[in-house]
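Protein sequence lines, in the order shown, are assigned to chains P and S. Under the working numbering, the first residue of the first sequence carries the number 1, and numbering increases by one thereafter. Under the working numbering, the first residue of the second sequence carries the number 1, and numbering increases by one thereafter.
Worth flagging that the hints you see were computed from the coordinates, not collected in a lab. Since the model is a prediction, treat every value here as computed from it, not as a measurement. Any given hint might turn out to be false.
[Claimed, not checked] To give an idea of the chain S side of the interface with chain P (calculated C-beta under 7 angstroms), a few residues:
hint, residue
1, LYS70
2, GLY106
3, GLN107
Even for Gly, the Cβ is constructed at its ideal location relative to N, Cα and C.
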Amino acid sequence: EAGVVQSPRYKIIEKKQPVAFWCNPISGHNTLYWYRQNLGQGPELLIRYENEEAVDDSQLPKDRFSAERLKGVDSTLKIQPAELGDSAVYLCASSFLGPANTGELFFGEGSRLTVL
Amino acid sequence: AQTVTQSQPEMSVQEAETVTLSCTYDTSESDYYLFWYKQPPSRQMILVIRQEAYKQQNATENRFSVNFQKAAKSFSLKISDSQLGDAAMYFCAYRSGQGAQKLVFGQGTRLTINP
Numbered sequence: 001e002a003g004v005v006q007s008p009r010y011k012i013i014e015k016k017q018p019v020a021f022w023c024n025p026i027s028g029h030n031t032l033y034w035y036r037q038n039l040g041q042g043p044e045l046l047i048r049y050e051n052e053e054a055v056d057d058s059q060l061p062k063d064r065f066s067a068e069r070l071k072g073v074d075s076t077l078k079i080q081p082a083e084l085g086d087s088a089v090y091l092c093a094s095s096f097l098g099p100a101n102t103g104e105l106f107f108g109e110g111s112r113l114t115v116l
Numbered sequence: 001a002q003t004v005t006q007s008q009p010e011m012s013v014q015e016a017e018t019v020t021l022s023c024t025y026d027t028s029e030s031d032y033y034l035f036w037y038k039q040p041p042s043r044q045m046i047l048v049i050r051q052e053a054y055k056q057q058n059a060t061e062n063r064f065s066v067n068f069q070k071a072a073k074s075f076s077l078k079i080s081d082s083q084l085g086d087a088a089m090y091f092c093a094y095r096s097g098q099g100a101q102k103l104v105f106g107q108g109t110r111l112t113i114n115p
């Protein structure tokens, strides 16, 4: 079974430039998460989707961040314009929310963003 | 809001020895899940062990076990017979049993295994 796939793995941009990250969750997983992980810190949730609906985006900086999950499968996270403080690893995770929900999230390898 | 605290930024242990990583959490809920995740350098985060709050028995997975103290809101991870491949960042995480399905993570503990 394929895991959560993210791309790109690494991205270096100059401040004020746009950047986008893509995530393909595990097949059949209806819930998708984007987390941001600063260096040496634990991940922090940016947005959570249940199918196509963003059910928790309270921590997403909406002035510059946007996300979408078309058809309830793949998702894209965009930053425009990027700021120096956006340098971090952006993690995508997926899970299956259902009666037998074990609560486990499956993570991708992350997209490491460096803003110069 | 729930919070998770890992008070040990770094730990080290000799290969084949036992090490315990600490985690405390704060919640007013009675139904929840606790997790330990492992994040090797530049690699994806993977689940090590999971504990349901309604279960009194501590979870075990091979060399990994937890000490779940619900009243004290403590959830420590014990790694027995430490191996070089255990070197990683370890994150404790909390998930509500109802409502929000997100994981709330601690700050992490970097574990070094000395050969």
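*Which of the numbered hints are not met once you compare them with the structure shown?*
1
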